[in-house]
Amino acid sequence: MTQRPPEDELVVTHEVVEIAVSTRRRTIAGIAIIVTGLICLLAWGLGSKAGDAAFALSDIADKHQIPFVRIPGKAAGVVLGLLIVLLGCWHLARGFSARSMRWVLSAVLLCFVIAFLCWAGTGDPTLQLSIFGLLQGTIFLAVPLILGALAGILCERSGVINVAIEGQLLAGAFAGALAATVAHNAGVGILAAMLAGAVIGALLGVFAIRYAVNQVVLGVVLNLLVLGLTNFGYDALMQKNTEGFNNPTVLAPIKVPLLGDIPLVGPLLFDANIIVYCVYVLIVVVDVALFRTRWGLRTRAVGEHPKAADTVGIKVSRTRYLNVILGGLVAGLGGAYLTIGAVGSFSGNISSGKGFIALAAVIFGRWSPRGAVGAALLFGFADALQTLLSASHTPVTVPSAFLSMLPYLATLFAVAGLVGRVQAPAADGEPYLKG
Amino acid sequence: MTYQGTAPASAAEEMLPEAKPGPARRLVDAIRYGNSVVLTLLAMLCALLVGAIMIVIADPPTRSAMGYFFSSPWDTFTRGWHAISAGYVALFEGSVFNPDSLYSNGHTPIFGPISNTLLNAAPLILGGLAVGVAFRAGLFNIGVQGQLIMGAICAGYVGFAFRLPPLLHLLAALLAGVIGGAVWGGIAGWLKARTGAHEVISTIMMNYLALGLLNYLLGISGFQAPGSNQAISRSVHGTARLPHLLGPNLSLHLGIVIALLAALGCWWLLTRSTLGFSLRAVGANPSAARTAGMKIERSYVVVMLISGGLAGLVGCSQILGTNHALTGDIDAGFGFDAITVALLGQASPRGTIFAGLLFGAFRAGGVVMVANTGIPADVVLVIEAVIVLFLAAPALIRAIFRLRESRGGGVGVGQLAKGWNA
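Protein sequences, first through last, are from chains A and B. Going left to right, the first sequence walks through residues 1 to 435 as our numbering numbers them. Going left to right, the second sequence walks through residues 1 to 422 as our numbering numbers them.
The hints are simulated quantities; they were obtained by calculation from the structure and are not laboratory data. All C-beta atoms in this analysis are idealised placements derived from N, C-alpha and C, irrespective of residue type, glycine included. Hints are not guaranteed to be accurate.
Here are the simulated SDA-like cross-link-like pairs (lysine to any residue), alpha carbons at most 25 Å apart as the crow flies [stated by the list, open to error]:
{"#": "1", "chain 1": "A", "residue 1": "K434", "chain 2": "B", "residue 2": "I400"}
{"#": "2", "chain 1": "A", "residue 1": "K307", "chain 2": "B", "residue 2": "A377"}
{"#": "3", "chain 1": "A", "residue 1": "K240", "chain 2": "B", "residue 2": "A284"}
{"#": "4", "chain 1": "B", "residue 1": "K295", "chain 2": "A", "residue 2": "K307"}
{"#": "5", "chain 1": "A", "residue 1": "K240", "chain 2": "B", "residue 2": "A377"}
Label-pair distances were calculated between CB atoms; the ranges are [stated by the list, open to error]:
{"#": "6", "chain 1": "B", "residue 1": "F69", "chain 2": "A", "residue 2": "A183", "range": "22 to 30 Å"}
{"#": "7", "chain 1": "A", "residue 1": "A308", "chain 2": "B", "residue 2": "I31", "range": "40 to 48 Å"}
{"#": "8", "chain 1": "B", "residue 1": "R63", "chain 2": "A", "residue 2": "I66", "range": "33 to 41 Å"}
{"#": "9", "chain 1": "A", "residue 1": "F68", "chain 2": "B", "residue 2": "K295", "range": "32 to 40 Å"}
{"#": "10", "chain 1": "B", "residue 1": "L49", "chain 2": "A", "residue 2": "A308", "range": "50 to 58 Å"}
With the rest of the complex left out, here is chain B:
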C-alpha cells in the first residue's frame, strides 16, 4: 500500500530536470551535439562550399590559372578567391544591403534589395505552406506548379474581365485564385481517396495539364492581350492589383503580408484546431487514425483543397502583385522551389517563413550575381538542393563535423512523407 502511494511521487522526482545549465553551457552543448539551428547553419556552410567550387570552375581566369597550377599555385588561389568573393558579395548586395546605395543620392534605394527578397519570399512561403500542410497529412503535393497556374488563371480572369469597385475587385480576384488552386488540388485528393491513385503521379500529370490549358488560353481571344500575337494575356485592372508596400518605386506588394497571415492561419490550423489534429493523425499513422474513427479519405480531399488553395494564393501573388499579366512562365519555378522550402522549413509554418526568406534572398541575390559577375544563376539552385540534401541527412553533417550523436531532436524532414504504400 505504501509503495503504491510513494511510487508516483518518486517517479515525478526522477522526471524533474537536473539543475538547469547556464546559457554558455547550453550554447556549447548546442554546438557539440548539433541542435537543428546549428545543423542548418552547417548545411548552409557545406552548400556554400559546393557553390564556391562551382564558381571557381565557371570562372575563366581561375581556370586558366589552374593550367599552370604547379608552377605558380598562388595564382589559382587568389583568382579563385576573387571569383568566389565577388559572387557571394553580389549575392549579399542583391538580397540584403548594398553599401553603394548610401552614397547614390537615392538613385538606388536602400531598401531595394530587401524589397526584392521579400517580393520573392511571399510566393515561396505560400508555396512552402501548401506543400508543408499536405506533408503533415502524409501527402506529397508535387502539384503546386499546376495549382498556382490554375489560381493565376482564375485570379487573372476575374482581374481583367470584370469591372468592380477597388477593394471588392481585389477580394473577388483573390477568392477566385484560391478556388482555382483548391479545385485543382482537390481533384488529386479526390482521386487518391476514391481510386487510390497516388498523389505524386496525379499531381505531376495535373501540372502538365494546367500548363497545357494555360498555353491554350494564352492564344484565344478574351484572354490574349488585344493586338498582340505574343502569348501574353490582358493586364489585370488597377482595382484588382495588390497595393505596393514601400512606395511606387519598390516592387514589394501586399503578397508578403498575405503570406505571413497564411502562415499564422496554418499554425492555428495545425496546432489549435480539431481538423488540424485529425490531419496530423492521418499523416502520422493512417491505420490508427481510421481505428480512432477519423475518415482518412475525407482528410485527403480536405488537405488537398487547403494545400491547393494556398498554392492558388501563390498564383494570386504572381498575377495580382508581381506581373499583372499571364504568360507561359507565370510559374517562374516557384512550384518546385516550394517543395525545397517546405523541406527546409520542416513543414512547420514558422520554419517555412524562415526558409522562404532565405530562398527569397537567394533568388533576389542570384539575379544581381548573374548581372554583376556573369556566374550562371543555377549555382543558386545547386546551393538550395545541397542545403536540403544535407539537412535531410543530419547524420551526415554530424559525421563531417564530428558532432556527438544527438540526444533526440535533430531534423525530421526524412520522416514526413511516406512511401507508396502509405
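Isolated chain A, as found in the complex:
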C-alpha cells in the first residue's frame, strides 16, 4: 500500500516546458529581424545627415536642467542596425527560445526606435527632441489604457468578455466632469466616475450572466448606448450651461517628497495626480490578487472551468458579478482621468476609441496584468511619438495623417505578428447556466 504523503508535503512545482519553435517560423522571424536591422542601418544610419542629435531629458520649466544628450546620428544608426542584424543572424543560426524571444523582440524594437529618433533629430542644430516630453506623453496617454486594460482583465479572467471598456471610460469621463462641477470637488468627481463605470459593468453583468446575451454583441451595444446618453447629456446640459455643468476642478499634481526630486524619474513618475498613483497601486494589487490570493484563484477557476468551480462550491455567478463590477469601477477611474485628470472639461466621445485600444492591450498582453500594462505603455509610446514627430521638423516630413496611424498600425502588427494565436481564459464569453 502506498502511503499518502501528508498534506503539507504536497508541493506544486512549476516547470517551464520549452516548446521548440518550428524551423519555418524561426526562419521567417530571423529574416524579418535582419530586414528590420538593414532598414535601420541603411535608412536611419547611412541615410542620416552629418551632425549630432540632441535630446532633452528634462522639462523646460524644470529648475534642475539636465544637459542635452548628444548622439551622432549616423554612428548610432549604423551600430544599432548592426546589433539588430546580429540578433537576427543568431536567431537564424541557433534560435532563441520562445521565452527569451519576447525580450529579443523588445530589444529590436528599442534599438530601432532609438536609431529612428537619432535620425529624426540629426541635421538641424537648433532642434532638440524632448525625450522627457516623449516619456511624459507616454504615461499621460497610457494611464486610461492601463486602467481600461485592467478592467478588461478583471472581467475576462472571470469569463465575461468586456468590449464595453470604451463605454465605461466614456461614462466615467462624463460622470466625473459633471459631478466634480456640481459638487465643486474633484474627489466627488472621481467617485461618481467610478460609480458610472460600475453601473455599466453591472448592466454588462446582468445581461451577460443572467440573460446569457452574447457578450461581444452586448459590449458593442452598451458602447452605443453610453455614446448616445453622454452625447445627449452633453447637448442638453453641458453645452447650454458650461459653467454649471462642465467646469470641473482639475486634479492637482502631488509631488512625492523624496522620490519627486530624482532627476528625470522624479518629475516623470512622482509628480502626478492621484489617479496616476492609483494606477501604480492597482497594477500591483491586481497582479498579486489575481495570482496569489484565494479570490484570484477562484476568479481564474470560474473563468477557465465554471462547472468544476461550481462543483467545489465556488459561486460562479456571484464571482462574475463581483469581477465585472470591480472592472467597471477601475474603468470608470480611467474615464475620470480623461476629464478631471487631464483636460478638465468633457466633450462628445472624449474616449475616442481608447477603450478598444485597451481591449487590444488585454489581448496583446495575453490576459495578464503585466503584459497588458506593457502593451498599454507601448501603445501610449507610439501615440506620444506621433505627437512629438508631428510637432518637430524632422528631415523628411512624414504627413501627419500617416503619423496618426502609427499606434493603430503598431497594434495591428502586434496582434497579428507577435501574439498570433492567443489563448483566452477557456470559458471567456460563455454564459454559465446551472444544470
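Mind docking chain B on chain A? Use the hints.
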C-alpha cells in the same frame, strides 16, 4: 418483426401536428408566448419609453415644472406630454408622412419623408448585410466603417479621375468600390486565417487606418477639390452618379435598389448555395466543419471578402449617390449603425431589410425632430441601442411583460457571434 414494421408509422403519427388552431387562437398565442414580432414590438415600446424619459429631461419647460411638482403635479405631466408628443410627431413627420404636405401646393413634396427614409435605409441595409454575412460565418466584422471608407475612396477616384461613357462609368466606379471594400475586409480575414489575429481587434485598427488614409488623401493634389483648402475631394462626374429615382427634387437614388438586390443575393448565397452552406457550417461549429473537410481558413477569407465588398457598396451609395464628393465624414456613422441593424435583423437578409428601413426612418425623422423641437439627435441613438439590447435578451422582455416562456423560437441574436476562442 411486426413491431419494427409499425414503429415508424406510429412515430410519424405522433409527429403529425395537432388540429391546427384558428387564426384568432394563433394571435392570442403569439401575444401570450411572445413570438419574435411581438418581442420586437415590445422592445421598441420599451425603447420609445426610454426615449420619452430623455425628451422630458431635455425639455426646459418640463424641467421647470418639475421644480414645483408637489404644488402642481399636473403641470409636469401636461408639459412632459407636450414635449414627448411633439418629439415623436416630428420623428414620424420626418420619416413617413407629413400631413402639411397635402396643403402646401407642392412646396413640400408628399414623398419627401419616405424618400429620406429610403435614402438612409440603403446604406444601412447594405452595411447590415455586411455584418450579418460575417456573423453567419462566426466572424464579428466591426470594420464596416473602414471598409466603406476604402470603398468610397476607390469608387470616388474612378468617379472623378476618369472620363467614361455613362453606364460604363457607373459600373466601373461600383466595381472599384466593391473591390476597395473587399480588399480591406479580406486583409482582416487573411490575418485571422493566417496568424489567428482576432477580427474584432484587426478590423477596429483597420478602421483607424482607413480614416488616416482618407485624411491624407483629402489633402493632396489629385484628390482635393482644386482651389479649395477644405478637406473635400473633387466631385464625381455626372456619368458615374447613381440616378435619382423620384425625380430631381427628391434625393432618393438607385442605392436602395442595389441594397435590395444585395439582400436577395445574400439570401441566395446563405440558403441556396454550397459556399453559403459551408460558411454557415463554419459559423455554427468550426471544429465540426473542419472534420467534415471544409477549409475554415479559406472560409474566413472568403466571408470577409464578401462582407467587405458589401461594405464597399455602402461607400458607393454614399459617394456616387448621396454626397458626390469625399469628405472626412463620408462614413456618417453608418459603419457602426450597420452592426445594430444586423443585430436587429438577426443577420437574416429579410430581417436586415426591415431593420434598415426602421433605422433609416429614425435617421430621417431624427433630423426633423432636431430642427422642429430642438431635442438632441442622440435620443435616436439611445432608442436604437435600447431596442437591440432588449431584443438580445428576450427573457428580460418576457419578465417585464409577464409573457409565458416560449416554446422554442424567440430571438437568437445572442448566439450569433462567439467569444475569443471560437
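Practice prompt. For the pair supplied as a hint, K240/A and A284/B, confirm whether the alpha-carbon distance does not exceed 25 Å.
Written response: violated, 50 Å
Could you say whether the range 50 to 58 Å given as a hint is met by the Cβ separation of L49/B and A308/A? Cβ of L49/B to Cβ of A308/A: about 42 Å, so the range 50 to 58 Å is violated.
Decide if the proposed pair is consistent with the structure: K434/A and I400/B, CA atoms, cutoff 25 Å inclusive. The given pair, whose Cα atoms are some 23 Å apart, holds under the 25 Å limit.
Query raised in the report: Is K295/B close enough to K307/A, meaning Cα to Cα at most 25 Å?
Result: violated, 32 Å
Agreement of K240/A and A377/B with the hint, judged by alpha carbon distance not exceeding 25 Å:
With Cα atoms ~15 Å apart, K240/A and A377/B stay inside 25 Å; holds.
Quiz item: Okay, A308/A versus I31/B on CB: inside 40 to 48 Å?
Solution: holds, 42 Å
**Request:** Verify the proposed pairing of K307/A with A377/B, using a straight-line Cα cut of 25 Å.
**Result:** Cα-Cα ~46 Å, so violated.
Confirm or reject the claim that R63/B and I66/A have a C-beta distance inside 33 to 41 Å.
violated, 56 Å
task = Can you let me know if the beta-carbon spacing of F69/B and A183/A is within 22 to 30 Å?
result = holds, 24 Å
- Item | Outcome of range test on Cβ distance (F68/A, K295/B; 32 to 40 Å) | For K295/B against F68/A, whose Cβ atoms are near 58 Å apart, the range 32 to 40 Å is violated.
Of the hints listed earlier, those the structure fails to meet are numbers 2, 3, 4, 8, 9 and 10, in rising order.
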